[in-house]
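Following the hints, position chain B against chain A.
As you go down the protein sequences, you meet chains A and B in turn.
Under this note's numbering, the first residue of the first sequence carries the number 15, and numbering increases by one thereafter.
Under this note's numbering, the first residue of the second sequence carries the number 284, and numbering increases by one thereafter.
It should be emphasised that the hints constitute simulated quantities derived from the structure, not laboratory data.
Just so you know, even glycine gets a beta-carbon here, dropped at the ideal spot from N, CA and C.
Incorrect hints may appear among the rest.
[Unchecked claim] Just so you have them, the derived chain B footprint on chain A, three or more residues with Cβ under 8 angstroms:
(1) 28-41
(2) 101-107
(3) 115-126
(4) 129-142
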Amino acid sequence: MAELRNIVRVSKVTRTFQLGKTEVLALKGVDLSIAAGQYVSIMGPSGSGKSTLFNMIGGLDKPTSGKVFIDEVDIAQLDAYELAWLRCRKIGYIFQTFNIIQVMTALENVTLPMIFAGMNNDAAVAKGIQLLKLVGLGDRFRHKPSELSGGQQQRVAVARALANDPAIILADEPTGNLDLTTGEEIISLLKSLSRERNVTIISATHDIKMLNVSDEVVWIRDGLIERIENRDELSISVGQINTRK
Amino acid sequence: MKNWSLSSSKKMPFKHPDRLVVLPFKKSLEISWQSIRVRFVRSLITTMSLVLAVSFLSFVNVNNDIANGFLATRDTVLREALNRSGYDLSPGDTRAGSSPKMRWIVILSLLVCVVGIVNAQLMAVTERFREIGTMKCLGALDSFILRLFLLEAGMQGLVGSAIGALSGGLFSLLNAVVRFGTVVFTSLSWMEAVGSLLFATGVGCFLSLLGVLYPAIVAARMLPVEAMRVEH
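The shape of chain A in the complex, shown without the other chains (with noise of 0.2 angstroms):
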């Protein structure tokens, strides 16, 4: 465990929204760290701040106080143009709402991020097609987003979000749109991309078969973690998950 590095670390970290006249605390304070490699649920009913921190840790939205650490650099302290270098080389983002853009097709879709990162064009052609044939559309890098269904798409962003070999994959309740089979697929092929390519994983989530598959469960609640479980803890608590109210 000692060797284990923090890929992500958050300190202290607190966010307010302005909803008209009354300040809504989202986040109170939330301290987290994340070790590279594993595979992490962040849990927590709606409304309890996990999409608020998933997009802290994203570089997408900056907290009110404290600070986000990825591989130790303060997020915070990054211009526009380093934040957009974090976003396309670092980061892999995958949504509830697949957010494929539609007018361009899923190969185009894949190859956008590598382009921004500097790649010439077969270059990066050939990895999109890679890419696709190893999230399982290798015969469908032509078709359109809207000639997909929800789980094709949905790889279609997995694919994207590997583009530029990761550390991490940041995924906003990525079987939330999906039935309970796609849903399922999803989460095994996100399950083997982190153990194949040691990519973290970091989802935020309320789906309960997500639990399987987590190195680290972290449950939130009220703008709080309330606790964080590994693995070998999870066979205990997922029996009071039905008790709970």
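Chain B alone, transformed into the frame defined by chain A:
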């Protein structure tokens, strides 16, 4: 990957080629062309007001060129014909220009056209919030988004104003032929006419870019998380 952070200075070095975030010009051209193609009808509507305004501008200017061609021949019959057709020429005038009233109408029409473009482009940007947010999550810089929108507007502007300028010029010629006869073709200075068309096209392109500037800046500055929050 491990030496990503620099311990001494808090900044990361970006001189290294690996540290670049780029969007090659050819690729941006490709993406914006694709956006226009996919949203063809919307692009057409955005461009339509430009076509009309520019064709009006070029119509007025080519009319002047035709009148100037007549005056250059020093033919009193043609001069009379011009006076009859509404040109207010004093005996000594060797050039005809548009009246202040005409100029105002042209300027107003161009102004209305810019407002129309801003309106249409703001709508287009709103429609594409999610796409813009996604691109930013993939590492797009503000300048990429700005460039994509400007390129799109530039292409729409070029095509739209070229069509507008040509149709305005043609209509003006047709009008002159009907009114004065084929003498128009021999007296007209084609250089001046082409100059007018180019001028109208240039003005059209400029207006198209001007109209997209504000919407594009709004789009480029948007935080990704705001863009993603938009529900569809």
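Status of the hints after comparison with the structure:
With 0 residues bearing a CB less than 8 angstroms from a CB of chain B, the segment 28-41 of chain A misses the requirement of three and the coverage assertion fails. Counting residues of the segment 101-107 of chain A whose beta carbon lies closer than 8 angstroms to any beta carbon of chain B gives 5, which meets the minimum of three for the stated coverage. Under the rule that three or more residues need a Cβ within less than 8 angstroms of chain B, the assignment of the segment 115-126 of chain A holds, with 5 such residues. With 5 residues carrying a beta carbon less than 8 angstroms from a beta carbon of chain B, the segment 129-142 of chain A meets the three-residue requirement, and the given coverage holds.
This entry does not satisfy hint 1, going by the numbered hints stated previously; all others are met.
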